[in-house]
Amino acid sequence: MGIEKIKIEKYKFDINLKFYFILKYLLKASLNDKDIHKVLELYSLNKNISLKKALISNYEKFFGKTKSGLKKVEFLSDILDLLENDLDIELFIFSLKLVAIKPLLLQEAKTRDLLDSSKLPTLNPLSLAYDKITTFTPYSTRVSGALLSLIFFDKLENKDTVFLSNDTTEFLKELSYEAIKLKNVGVEPNQIFMLMFSESINQSITSDSGSSYEDRILSVLKNIGIDEDKISKTHDKNDSSTEFDFFFELDGKTYGIGAKRTLRERYKQFIKTAQMTKIDVMIEITLGIDLTEEKVKAIRNHNIYLFVADEVYISNKYLQKIDGIYSAKKLNLETLKQLK
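At position 299 of the sequence shown the residue is numbered 299 (the numbering used here), and the sequence of numbers has no breaks.
Bear in mind the hints are in silico, worked out from the structure with no lab data behind them. Because the structure is a prediction, the values reported are computed rather than measured. Cβ atoms here follow ideal geometry from the backbone N, Cα and C, with glycine treated the same way. One or more of the hints may lead you astray.
Simulated restraints on C-beta separations [said to hold, decoys possible]:
#1 K321 x D229: 56 to 64 Å
#2 E41 x T135: 24 to 32 Å
#3 L70 x E199: 17 to 25 Å
#4 L70 x Q191: 53 to 61 Å
Derived pair list, reagent style DSS-like, types lysine-lysine, alpha-carbon separation capped at 25 Å [as the list claims (entries may be wrong)]:
#5 K268 x K297
#6 K295 x K278
#7 K34 x K24
#8 K52 x K97
#9 K34 x K10
#10 K34 x K65
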(Lines of atoms letter the chains of each structure in order from A and count residues from 1; the text may use other names and numbers.)
(Lines give C-alpha, C1' and ligand atoms only; values in the text may rest on other atoms or scores of the structure.)
Protein backbone atom coordinates (compact mmCIF):
# COMPACT_ATOMS: atom_id res chain seq x y z
CA MET A 1 0.00 0.00 0.00
CA GLY A 2 1.49 3.33 -1.01
CA ILE A 3 1.21 6.80 0.47
CA GLU A 4 0.46 9.70 -1.80
CA LYS A 5 3.22 12.26 -1.97
CA ILE A 6 2.65 15.12 0.44
CA LYS A 7 3.56 18.39 -1.18
CA ILE A 8 4.12 21.76 0.48
CA GLU A 9 3.81 24.69 -1.88
CA LYS A 10 7.07 26.61 -2.14
CA TYR A 11 5.41 29.97 -1.45
CA LYS A 12 3.76 28.65 1.71
CA PHE A 13 7.00 27.07 2.89
CA ASP A 14 8.99 30.25 2.25
CA ILE A 15 6.63 32.62 4.06
CA ASN A 16 6.35 30.34 7.11
CA LEU A 17 10.10 29.86 7.19
CA LYS A 18 10.52 33.64 7.15
CA PHE A 19 7.90 33.93 9.92
CA TYR A 20 9.80 31.43 12.08
CA PHE A 21 13.13 33.14 11.43
CA ILE A 22 11.70 36.51 12.46
CA LEU A 23 10.22 35.06 15.68
CA LYS A 24 13.50 33.34 16.57
CA TYR A 25 15.64 36.40 15.96
CA LEU A 26 13.27 38.65 17.88
CA LEU A 27 13.69 36.30 20.83
CA LYS A 28 17.47 36.34 20.42
CA ALA A 29 17.37 40.13 20.40
CA SER A 30 15.84 40.01 23.92
CA LEU A 31 13.66 43.04 23.36
CA ASN A 32 11.87 44.30 26.45
CA ASP A 33 8.37 45.83 26.58
CA LYS A 34 9.77 49.32 26.17
CA ASP A 35 11.74 48.33 23.06
CA ILE A 36 8.69 46.71 21.49
CA HIS A 37 6.57 49.77 22.25
CA LYS A 38 9.14 52.03 20.53
CA VAL A 39 9.18 49.88 17.39
CA LEU A 40 5.37 49.68 17.25
CA GLU A 41 5.10 53.45 17.66
CA LEU A 42 7.63 53.94 14.88
CA TYR A 43 5.55 51.59 12.69
CA SER A 44 2.45 53.72 13.29
CA LEU A 45 4.33 56.59 11.66
CA ASN A 46 5.92 54.53 8.88
CA LYS A 47 3.42 51.89 7.75
CA ASN A 48 5.30 50.85 4.67
CA ILE A 49 8.75 49.69 3.63
CA SER A 50 10.26 52.95 4.95
CA LEU A 51 9.98 51.41 8.42
CA LYS A 52 13.32 49.76 7.71
CA LYS A 53 15.06 53.07 7.14
CA ALA A 54 13.29 54.68 10.09
CA LEU A 55 14.30 51.88 12.44
CA ILE A 56 17.90 51.85 11.25
CA SER A 57 18.20 55.60 11.76
CA ASN A 58 16.85 55.23 15.32
CA TYR A 59 19.04 52.30 16.41
CA GLU A 60 21.30 54.34 18.68
CA LYS A 61 18.42 56.43 20.05
CA PHE A 62 16.34 53.34 20.86
CA PHE A 63 18.98 50.88 22.04
CA GLY A 64 22.15 52.81 22.84
CA LYS A 65 25.67 51.42 22.53
CA THR A 66 25.71 49.02 25.47
CA LYS A 67 26.46 45.34 24.95
CA SER A 68 22.76 44.44 25.17
CA GLY A 69 21.87 47.36 22.89
CA LEU A 70 24.33 46.25 20.23
CA LYS A 71 22.97 42.70 20.51
CA LYS A 72 19.45 43.99 19.80
CA VAL A 73 20.70 45.94 16.80
CA GLU A 74 22.57 42.90 15.44
CA PHE A 75 19.55 40.61 15.42
CA LEU A 76 17.12 43.29 14.28
CA SER A 77 19.44 44.08 11.36
CA ASP A 78 19.38 40.43 10.29
CA ILE A 79 15.58 40.53 10.35
CA LEU A 80 15.33 43.79 8.42
CA ASP A 81 17.57 42.38 5.68
CA LEU A 82 14.78 39.85 4.98
CA LEU A 83 11.95 42.37 4.67
CA GLU A 84 11.32 42.99 0.99
CA ASN A 85 7.73 44.28 0.79
CA ASP A 86 4.74 45.47 2.80
CA LEU A 87 3.62 41.90 3.55
CA ASP A 88 7.00 41.17 5.12
CA ILE A 89 6.66 44.31 7.26
CA GLU A 90 3.22 43.14 8.43
CA LEU A 91 4.70 39.74 9.26
CA PHE A 92 7.45 41.44 11.27
CA ILE A 93 4.96 43.56 13.25
CA PHE A 94 2.71 40.54 13.85
CA SER A 95 5.73 38.60 15.13
CA LEU A 96 6.71 41.49 17.38
CA LYS A 97 3.26 41.47 18.98
CA LEU A 98 3.40 37.71 19.52
CA VAL A 99 6.75 38.07 21.26
CA ALA A 100 5.17 40.72 23.46
CA ILE A 101 2.34 38.44 24.52
CA LYS A 102 4.46 35.26 24.82
CA PRO A 103 5.41 35.82 28.50
CA LEU A 104 1.72 35.96 29.39
CA LEU A 105 1.05 32.62 27.69
CA LEU A 106 4.18 31.10 29.19
CA GLN A 107 3.15 32.12 32.69
CA GLU A 108 -0.32 30.69 32.08
CA ALA A 109 1.25 27.39 30.96
CA LYS A 110 3.25 27.23 34.19
CA THR A 111 0.36 28.15 36.49
CA ARG A 112 -1.01 24.61 36.64
CA ASP A 113 2.40 23.33 37.70
CA LEU A 114 2.69 26.05 40.34
CA LEU A 115 -0.60 24.88 41.83
CA ASP A 116 0.70 21.31 41.98
CA SER A 117 4.06 22.43 43.37
CA SER A 118 2.29 24.25 46.19
CA LYS A 119 1.32 20.82 47.54
CA LEU A 120 4.95 19.67 47.87
CA PRO A 121 5.62 21.08 51.37
CA THR A 122 2.84 18.84 52.73
CA LEU A 123 4.28 15.67 51.18
CA ASN A 124 7.16 13.38 52.11
CA PRO A 125 9.97 14.06 49.59
CA LEU A 126 10.42 10.29 49.11
CA SER A 127 6.76 9.53 48.50
CA LEU A 128 5.14 8.55 45.21
CA ALA A 129 2.87 11.59 45.41
CA TYR A 130 5.87 13.95 45.63
CA ASP A 131 7.71 12.11 42.87
CA LYS A 132 4.69 12.22 40.56
CA ILE A 133 4.45 16.01 40.79
CA THR A 134 8.17 16.60 40.16
CA THR A 135 8.32 14.02 37.36
CA PHE A 136 5.23 15.21 35.50
CA THR A 137 5.92 18.95 35.80
CA PRO A 138 8.00 19.40 32.61
CA TYR A 139 5.58 17.31 30.56
CA SER A 140 2.59 19.11 32.06
CA THR A 141 4.06 22.50 31.14
CA ARG A 142 4.70 21.39 27.55
CA VAL A 143 1.18 19.99 27.14
CA SER A 144 -0.35 23.12 28.71
CA GLY A 145 1.72 25.30 26.37
CA ALA A 146 0.68 23.37 23.28
CA LEU A 147 -3.02 23.48 24.19
CA LEU A 148 -2.87 27.16 25.17
CA SER A 149 -1.26 28.06 21.86
CA LEU A 150 -3.97 26.17 20.00
CA ILE A 151 -6.76 27.84 22.00
CA PHE A 152 -5.15 31.29 21.71
CA PHE A 153 -4.93 31.25 17.91
CA ASP A 154 -8.32 29.60 17.57
CA LYS A 155 -9.83 32.51 19.49
CA LEU A 156 -7.89 35.05 17.43
CA GLU A 157 -9.12 33.53 14.19
CA ASN A 158 -12.69 33.56 15.53
CA LYS A 159 -12.34 37.22 16.59
CA ASP A 160 -12.86 36.27 20.25
CA THR A 161 -10.82 38.89 22.10
CA VAL A 162 -12.43 38.93 25.56
CA PHE A 163 -10.48 36.07 27.12
CA LEU A 164 -7.82 38.33 28.68
CA SER A 165 -8.07 41.58 30.65
CA ASN A 166 -9.98 44.59 29.31
CA ASP A 167 -6.71 46.47 28.88
CA THR A 168 -5.60 44.05 26.18
CA THR A 169 -8.87 43.93 24.21
CA GLU A 170 -7.88 46.51 21.58
CA PHE A 171 -4.43 44.96 21.24
CA LEU A 172 -6.01 41.54 20.66
CA LYS A 173 -8.50 42.91 18.15
CA GLU A 174 -5.60 44.17 16.03
CA LEU A 175 -3.75 40.89 16.52
CA SER A 176 -6.88 38.97 15.49
CA TYR A 177 -7.23 41.02 12.31
CA GLU A 178 -3.56 40.50 11.44
CA ALA A 179 -3.69 36.76 12.18
CA ILE A 180 -6.67 36.28 9.85
CA LYS A 181 -5.11 38.40 7.11
CA LEU A 182 -1.78 36.57 7.24
CA LYS A 183 -3.45 33.15 7.38
CA ASN A 184 -5.26 34.03 4.17
CA VAL A 185 -1.89 34.42 2.41
CA GLY A 186 -0.48 31.12 3.68
CA VAL A 187 0.98 31.94 7.10
CA GLU A 188 0.26 29.31 9.79
CA PRO A 189 0.43 31.38 13.00
CA ASN A 190 -0.29 28.60 15.51
CA GLN A 191 2.08 26.00 14.11
CA ILE A 192 5.03 28.35 13.64
CA PHE A 193 4.48 30.21 16.91
CA MET A 194 4.30 26.86 18.72
CA LEU A 195 7.77 25.95 17.41
CA MET A 196 9.19 29.06 19.05
CA PHE A 197 6.93 28.83 22.12
CA SER A 198 7.89 25.23 22.86
CA GLU A 199 11.57 26.20 22.79
CA SER A 200 10.87 28.96 25.32
CA ILE A 201 9.00 26.47 27.49
CA ASN A 202 11.93 24.05 27.36
CA GLN A 203 14.35 26.81 28.38
CA SER A 204 12.04 27.79 31.21
CA ILE A 205 11.76 24.18 32.38
CA THR A 206 15.56 23.86 32.40
CA SER A 207 16.03 27.03 34.45
CA ASP A 208 13.19 26.12 36.83
CA SER A 209 13.96 22.41 37.01
CA GLY A 210 13.15 20.77 40.30
CA SER A 211 15.27 18.61 42.54
CA SER A 212 16.42 15.12 41.59
CA TYR A 213 15.62 12.04 43.66
CA GLU A 214 19.13 12.17 45.11
CA ASP A 215 18.67 15.84 46.06
CA ARG A 216 15.50 14.95 47.91
CA ILE A 217 17.24 12.19 49.85
CA LEU A 218 20.05 14.55 50.78
CA SER A 219 17.44 16.99 52.06
CA VAL A 220 15.90 14.27 54.23
CA LEU A 221 19.30 13.24 55.62
CA LYS A 222 20.09 16.85 56.51
CA ASN A 223 16.69 17.35 58.11
CA ILE A 224 17.07 14.32 60.38
CA GLY A 225 20.40 15.60 61.66
CA ILE A 226 23.18 14.23 59.42
CA ASP A 227 25.83 16.90 58.90
CA GLU A 228 25.96 17.68 55.17
CA ASP A 229 29.69 18.39 55.37
CA LYS A 230 30.24 14.81 56.53
CA ILE A 231 28.22 13.25 53.71
CA SER A 232 30.19 12.28 50.62
CA LYS A 233 29.72 10.45 47.35
CA THR A 234 32.31 7.72 47.00
CA HIS A 235 33.14 4.35 45.48
CA ASP A 236 33.42 1.34 47.72
CA LYS A 237 37.03 0.66 48.70
CA ASN A 238 36.72 -3.07 48.04
CA ASP A 239 34.48 -2.88 44.97
CA SER A 240 35.22 0.24 42.90
CA SER A 241 32.39 -0.61 40.50
CA THR A 242 29.86 0.41 43.16
CA GLU A 243 29.30 4.05 43.98
CA PHE A 244 27.57 5.08 47.18
CA ASP A 245 25.43 8.13 46.54
CA PHE A 246 25.73 8.97 50.24
CA PHE A 247 28.49 7.86 52.61
CA PHE A 248 28.80 9.03 56.21
CA GLU A 249 29.62 7.92 59.73
CA LEU A 250 27.16 7.85 62.62
CA ASP A 251 28.05 6.82 66.19
CA GLY A 252 31.20 5.08 65.00
CA LYS A 253 29.48 3.09 62.20
CA THR A 254 29.90 3.67 58.46
CA TYR A 255 26.84 3.95 56.23
CA GLY A 256 26.70 3.58 52.45
CA ILE A 257 23.47 4.45 50.64
CA GLY A 258 22.51 3.71 47.07
CA ALA A 259 19.67 5.91 45.83
CA LYS A 260 17.65 5.34 42.65
CA ARG A 261 13.99 5.97 41.87
CA THR A 262 13.82 2.49 40.32
CA LEU A 263 16.21 -0.40 40.98
CA ARG A 264 15.96 -2.35 37.70
CA GLU A 265 19.03 -4.59 37.77
CA ARG A 266 21.20 -2.19 39.81
CA TYR A 267 20.46 -4.02 43.05
CA LYS A 268 22.59 -6.95 41.83
CA GLN A 269 25.68 -4.72 41.89
CA PHE A 270 24.89 -3.72 45.46
CA ILE A 271 24.53 -7.40 46.40
CA LYS A 272 27.94 -8.11 44.86
CA THR A 273 29.46 -5.25 46.85
CA ALA A 274 27.81 -6.47 50.06
CA GLN A 275 29.86 -9.68 49.79
CA MET A 276 33.13 -7.76 49.62
CA THR A 277 32.75 -4.49 51.50
CA LYS A 278 33.81 -3.70 55.03
CA ILE A 279 31.20 -0.98 55.40
CA ASP A 280 29.00 -1.46 58.47
CA VAL A 281 25.57 -0.62 57.05
CA MET A 282 24.43 -0.78 53.42
CA ILE A 283 21.12 0.79 52.44
CA GLU A 284 19.11 1.00 49.22
CA ILE A 285 16.57 3.84 48.99
CA THR A 286 14.08 3.60 46.14
CA LEU A 287 10.46 4.39 45.32
CA GLY A 288 9.91 0.65 45.05
CA ILE A 289 7.55 0.72 42.08
CA ASP A 290 9.50 -2.01 40.28
CA LEU A 291 10.12 -4.21 43.32
CA THR A 292 9.14 -7.89 43.45
CA GLU A 293 9.17 -10.20 46.44
CA GLU A 294 12.05 -12.10 44.83
CA LYS A 295 14.16 -8.93 44.51
CA VAL A 296 13.41 -7.88 48.08
CA LYS A 297 14.42 -11.25 49.52
CA ALA A 298 17.63 -11.26 47.44
CA ILE A 299 18.51 -7.81 48.80
CA ARG A 300 17.79 -8.74 52.41
CA ASN A 301 19.66 -12.06 52.16
CA HIS A 302 22.82 -9.98 51.87
CA ASN A 303 21.99 -7.77 54.85
CA ILE A 304 21.18 -4.73 52.73
CA TYR A 305 18.45 -2.58 54.22
CA LEU A 306 15.72 -1.22 52.00
CA PHE A 307 13.64 1.98 52.29
CA VAL A 308 10.69 2.41 49.90
CA ALA A 309 7.96 4.98 49.31
CA ASP A 310 5.30 4.83 52.02
CA GLU A 311 2.53 4.16 49.47
CA VAL A 312 4.41 1.11 48.15
CA TYR A 313 5.16 -0.14 51.66
CA ILE A 314 1.51 0.12 52.73
CA SER A 315 0.06 -1.47 49.59
CA ASN A 316 2.40 -4.50 49.60
CA LYS A 317 1.82 -6.63 52.70
CA TYR A 318 4.85 -8.81 52.01
CA LEU A 319 7.13 -5.82 52.50
CA GLN A 320 5.74 -5.30 56.00
CA LYS A 321 6.48 -8.92 56.90
CA ILE A 322 10.17 -8.89 55.92
CA ASP A 323 12.61 -7.63 58.54
CA GLY A 324 14.86 -4.79 57.36
CA ILE A 325 12.35 -3.25 54.95
CA TYR A 326 11.13 0.21 55.92
CA SER A 327 8.78 2.90 54.73
CA ALA A 328 10.66 6.07 53.70
CA LYS A 329 8.80 7.77 56.54
CA LYS A 330 10.96 5.75 58.93
CA LEU A 331 14.19 7.21 57.57
CA ASN A 332 15.34 8.96 60.73
CA LEU A 333 18.25 8.88 63.19
CA GLU A 334 16.56 6.41 65.50
CA THR A 335 16.07 3.90 62.70
CA LEU A 336 19.58 4.39 61.29
CA LYS A 337 21.19 3.81 64.68
CA GLN A 338 19.31 0.52 65.07
CA LEU A 339 20.70 -0.93 61.83
CA LYS A 340 23.59 -3.38 62.22
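Enumerated hints in conflict with the structure, sorted upward
1, 2, 4, 9
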